[in-house]
Structure formats: structure tokens, C-alpha cells
Amino acid sequence: MRRVVVSVLGASILLVSGCGSNVEPVASVQEEKNNKWVETYKIEQAPASTLLGYSGVVEANKQVMLGFGSSGKIAQVNTEKGAQVQQGQVLASLDAKVYQVAAQAAAGQVQSATVAAQEAKKGASQEALAQQKIKLEREQQNAAEAKKAAKQGDVLFQGGALSKNDYEALLLKAKQAEMSVKNEQIALQELQRGANPDQLARASAAITQANSEAVRAQESLQQTKIIAPFSGTIVAVHEQTGKVVAGGQSVIELVDLKTVKVVLAVESDEVGFFTEGKQVEVQDASGISSKGTIQFVSPVIDQANGKYRVEIHISNSDKKWRGGMVANVKVPRPLQGFLLPLECVGLTNETHFVMKVENGIVRKQPVQVGQIINGNIEIVKGVSVGEQVVKSGITYIVDGENVAVKGVKQ
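Mind the numbering: the sequence shown is residues 1 to 410 in the UniProt record's numbering, read in order.
No lab work stands behind these hints, which were simulated from the structure alone. Keep in mind the model is a prediction, meaning the values are calculated, not measured. This list has only true hints and no planted wrong ones.
Derived DSS-like pairs: lysine-lysine, alpha-carbon spacing no greater than 25 Å straight-line:
| id | residue 1 | residue 2 |
| --- | --- | --- |
| 1 | Lys164 | Lys148 |
| 2 | Lys133 | Lys148 |
| 3 | Lys278 | Lys62 |
| 4 | Lys330 | Lys319 |
| 5 | Lys381 | Lys364 |
| 6 | Lys278 | Lys320 |
| 7 | Lys135 | Lys182 |
| 8 | Lys73 | Lys243 |
| 9 | Lys62 | Lys258 |
| 10 | Lys391 | Lys381 |
| 11 | Lys391 | Lys42 |
| 12 | Lys164 | Lys175 |
| 13 | Lys391 | Lys36 |
| 14 | Lys356 | Lys391 |
| 15 | Lys182 | Lys151 |
| 16 | Lys42 | Lys406 |
| 17 | Lys173 | Lys147 |
| 18 | Lys147 | Lys135 |
| 19 | Lys135 | Lys175 |
| 20 | Lys307 | Lys291 |
| 21 | Lys81 | Lys62 |
| 22 | Lys356 | Lys42 |
| 23 | Lys381 | Lys356 |
| 24 | Lys258 | Lys81 |
| 25 | Lys364 | Lys36 |
| 26 | Lys278 | Lys330 |
| 27 | Lys164 | Lys151 |
Sequences are here, hints too, so could you generate the full structure?
Next up, the structure:
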């Protein structure tokens with residue numbers, strides 16, 4: 001019995017001795033278990049550029065509401081919803097009889113004023129001159145007879161054979177006849193001299209006024225038709241034949257979808273990445289890509305939303321794009337440093353920082369940041385390729401704390 005006890009005791013001593021030789025590794029494992037487990041992100045060389053994503057609404061390249069410039073009854077509508085029309089095509093017309101008559105009358109006024117001006121420039125005709133000479137000769141004859149009668153009356157009045165009233169009547173008649181002769185002489189001289197500058201100016205003004213009236217009448221006649229200003233698709237016809245409409249009232253809606261434009265609202269710190277004429281990638285909701293060209297970058301900010309309007313044109317010959325669709329635009333953007341997940345970067349006292357992990361110890365590292373790009377943040381200064389930073393939960397870790405890495409994300 002004593003032998004058994006001794007043997008067990010010896011075995012126990014040997015077991016205790018064996019455990020004593022492994023005390024340090026057990027402590028190391030225990031220490032590792034006591035450290036916080038963290039997931040890190042390994043910094044790799046960033047590409048020269050990345051793609052910024054924007055969402056915009058697709059609009060027709062051209063869209064217009066068309067109406068008549070004049071009022072009246074619609075005589076004909078030559079199109080329908082969904083029809084393809086060509087530039088210059090007559091889409092609808094009014095009953096234009098009244099406007100046609102007005103245009104013809106105005107044209108007649110122009111012709112009359114032109115003839116009158118030409119006559120004024122040429123001066124009086126030979127016939128007019130001959131008639132005026134006849135009138136002058138007749139008045140001269142009347143004046144001679146009146147003068148003779150007044151002379152005879154003077155003799156009779158001096159001899160008491162003629163009353164004073166009758167004598168004065170003869171004198172007045174002679175004077176009036178003399179004035180008529182002078183008037184006819186002046187008229188003949190004016191005919192011989194031709195039109196004076198004032199008459200020519202009045203004739204020219206009459207032509208100008210007549211031409212203006214003719215232009216207005218012709219415009220009113222033209223405005224009895226709706227003519228397609230560009231080729232496109234009819235998307236609405238609001239009025240039909242027989243309806244009386246006012247000038248300017250919307251009758252037909254026309255759009256041009258051969259080319260569409262994607263309209264973006266871009267922040268002021270990103271508008272510099274958009275250059276007119278530059279090609280970009282545009283995706284529809286299904287992910288199918290098309291090439292687009294930046295056609296317009298507004299030089300002024302939109303006061304309504306505080307952003308800049310950017311228009312990107314896309315060829316739409318296959319009619320894939322429709323107005324109102326949402327498009328995703330990818331624009332190249334050069335990188336100045338590295339891209340890290342947002343959760344890797346903290347902020348304290350207006351200073352950004354990351355928590356570097358070096359040999360199991362966390363070091364707080366201030367960094368200079370750029371923009372947030374597609375869910376990542378640009379680090380301009382403060383980190384290098386190959387370094388590891390804590391990926392999440394950095395607010396629960398203290399500078400200088402020991403940690404254990406459980407996984408590395410790249």
C-alpha cells in the first residue's frame with residue numbers, strides 16, 4: 001500500500017514540474033485574450049483617378065408648346081399624337097379668309113403709295129401743265145375785262161352816272177380777278193418746278209407706312225399656320241378642327257428626342273470636374289451604358305438649390321431614353337492621395353485622425369482629408385502605402401492601447 005502512495009505522489013510532483021516549465025506561454029495567451037480585437041484596413045496604392053457618380057433626370061433636347069399667332073377658327077389639323085414630323089411641316093391652320101383680304105388690301109396700299117411717290121419725283125405731266133396754262137389764260141382774260149369795267153365805272157362815277165356802291169363793286173371785282181391771276185401763276189410755277197423736298201418726304205413716309213401695314217398683314221396671315229420649328233415627335237394635340245382659339249393658345253406639343261440631355265445639379269466644389277466637350281459614361285436604370293458629352297456647364301449658381309446646372313447630351317437614335325428617366329453619370333476625378341472607408345477616420349477638435357496599428361499598439365495619427373467620394377474619404381496627407389488603420393470603432397480605442405488584429409480588409 002505504501003508503494004502505491006509513493007508512486008502517485010511522485011507522478012504528481014512530475015506533473016507540477018512539467019507545468020511550471022510552460023508558465024510564460026500561458027501568460028502570453030492570456031495577455032492576448034485580454035487585448036481588444038480590432039479589424040484593420042490595409043492602405044494600398046490608390047489609382048490615379050476614380051469615378052464620381054451623379055444622378056440626373058433625362059429631358060428632351062427640345063420641347064415646345066405650339067400655337068397660332070393669330071386668333072380664329074381651326075380649319076385643319078394635319079397631325080396626331082405620336083406622329084413624326086419634319087422641320088417646316090404645316091401642322092395646323094386657321095380659316096384665313098379675313099387675313100388674306102387684309103394682306104391684299106395692304107399690298108394695294110403699297111402699290112398706290114409707290115406710284116404717288118414716283119409721280120411726285122417726275123413732276124407734273126404735260127397734260128397737267130396745259131390745263132394749268134388754260135386756267136391762267138382764262139383768269140387773265142377775266143382780270144382784263146374786270147379792269148376795263150372798273151375803268152369805265154370810274155368815268156361814270158366821276159360824272160355822277162354811277163352810284164358809289166356800284167363803283168366799289170367794280171373795283172372789288174377787278175382786284176379779285178387780279179388775285180386769281182396771281183394764284184394761277186403760282187400754281188403753274190409749282191407744276192413747272194416739280195415736287196419740293198417736303199412733298200417728296202411725305203410721299204416716302206407714305207410708302208414706309210404702307211409697307212409696315214403690309215408686313216403686319218402678311219405676318220398675321222402667316223400666323224394662321226402652325227409650322228414645325230424642328231423635326232420631332234408630336235406628344236399632344238390639345239385642340240381640333242372647328243375650335244375657335246386665341247392667339248398664343250397652346251394647340252400642339254412637339255419634342256425632339258433624337259438627342260436627349262441629362263440635367264445634373266453639381267456642388268460648387270465638384271463643378272470643376274465638368275468640362276464642356278468632355279465625354280462621360282451614362283447608365284440607365286438597368287445598368288446599360290451610353291456615351292454622353294458635356295454640352296453645358298452653367299457659369300452661375302442656381303439660387304434655388306445652391307448648385308450648378310450641368311447638361312450632358314446623349315445620342316438617342318435607338319429611342320432608348322425617354323423624358324423623365326433617371327440616369328447615372330460617371331465622371332473621372334483625379335485622386336491626390338488614398339481612399340479610406342469613412343469609418344476609418346475620426347474627428348476631434350476640428351482635426352481628422354486615423355488609428356494606426358503598429359506591432360499590436362494603436363497610434364493616433366492626424367491626417368489631412370479631401371472630399372468624400374462614393375462613400376470613401378480622400379486622405380491627402382498622413383498615411384502611407386502598407387500601413388494598417390483601425391477600420392471601425394475608433395472612438396472606443398485609446399492612443400497607445402494594445403490590440404489584437406482579427407482581420408485585415410483591403
